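Participant: Protein sequences, first through last, are from chains A and B. The numbering used here applies: residue 1 is where the first sequence begins, and numbers increase by one. The numbering used here applies: residue 1 is where the second sequence begins, and numbers increase by one.
Because the hints were derived from the structure by calculation, they are not lab data. Be aware that a few hints might be false.
[To be verified] Some chain B residues judged to face chain A by a derived CB distance under 7 Å, without partners named:
no.	residue
1	Ala11
2	Val13
3	Ala26
4	Thr44
5	Ser48
6	Ala97
7	Glu98
8	Ala140
9	Asn156
10	Val166
11	His178
12	Arg203
13	Asn239
14	Ala247
15	Ala251
[What the hints assert, rightly or not] Simulated restraints on C-beta separations:
no.	chain 1	residue 1	chain 2	residue 2	range
16	B	Ala95	A	Asp19	53 to 59 Å
17	A	Glu41	B	Thr152	27 to 33 Å
18	A	Thr13	B	Ala97	34 to 40 Å
[What the hints assert, rightly or not] Calculated from the model, a selection of chain A residues having no Cβ within reach of chain B, i.e. all distances over 12 Å:
no.	residue
19	Ala54
20	His96
21	Ala101
22	Asp103
From a predicted model like this one, the values you see are computed outputs, not experimental measurements. Every residue, glycine too, gets a C-beta built ideally from N, C-alpha and C.
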Amino acid sequence: MLQLLWAQDAAQTGRQVRDALAENGDPLASTTVLTVLARLEKKGLVERDPATKAYRATTADPAETADSMTEVLGRSSDRTAVLQRFTGALGVEDLHVLRAALDGAGMGGDGVGVDRRDV
Amino acid sequence: MITVLALVVLAVVVTLLAPIILTRGAWWLHRPQLALRFWLGALTIAASSLLLSVGIAAVIVATNTHTHGIGAPAAGLFAWCGLGVAGGVAALLAANAEPISAAKRRTDVAVTILVARSTARVEHIGGHDVAYLNTADPIACSTADGRVLISTGVENAMPPACVRAVIEHERAHVLGRHDLIGRVAALNAAAFPRLRTAREFRRTVALLIELVADDAAARVCGPATVCNALTLMDRIDANPGLELRAARLAASPVKSWPHRRHLAPVLRSR
């Protein structure tokens, strides 16, 4: 819904949003669309014109949005497993176990560097 | 009644022995996928044995199979206690599932906004959307709904082959439903905070799924490329885990059979 509103220059009524979603293969009831829009408005992600009752995505600097959302993603690096990060979510104890196993198997991690021949 | 007791003993034995046997030595460094399957198998056996034992005891009580001796009162007591414990565990699971669900909702919203506002381009690789984000922050992750996010900060820090290795690592998480396994482990640990096996399961799963994804990426892109990707990622987002994972791959590269490597085609959509 947010992607749709960001793509539009003009404000969209609930019905217009519903129709656009249906065209994109995502048919939703009008009440559902209005409920979601109301929630987005409460979160400050969309603005509602009281006169026309049309919704418009709040204008935010993309870089600023990226920064704030990156912060949210950063907080998701806890171990609730909602996001899989390449850096992993290994705790101190995990690292200790991994280091001990590598040392025990004679596979210690000193001196690992980038092999430019392979990349 | 003997069946009920046998199932309880099986559950207890598996629960007690799993952390002792499965964490012994360093075999899991070389076979993380096998180790993960053993852990999941142990959890399934223990949980299903306990549930089955309570179910059988309940059937014994309901059908009055034991009409003499201590069988009937013992089965009744066990069935009622079992049902009480099952109810308590279900309540604990429900209470602990809520914060995880809330965290998942928050992350989904953040990802949606980030993708909508900052996506430079999207590629389709092997049925998964890979969104490249216009931000210098080192973002390389996958979401529960199967999207892979890579930031320009990561793209600029490594050659394309290494970026592809990062993507294959994330695709392995998605294909292996590692998010689901992680959440089961987190819930299990929350429901049984004093049980060593539950704590070990959660800790080990977090580690094993990373090693499994590294191996999957190594089979497609080559172990050295994944090793390099881990090392280069460590330079822009320092994390001791990256160095140790690179050391594992460097010392014990997975068999990748170069002639069998199969890179899924990249389709660009914008």
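Participant: Which hints, by number, does the structure contradict?
Facilitator: The structure breaks hints 1, 2, 4, 5, 6, 7, 9, 16, 20, 21 and 22; every other hint is satisfied.
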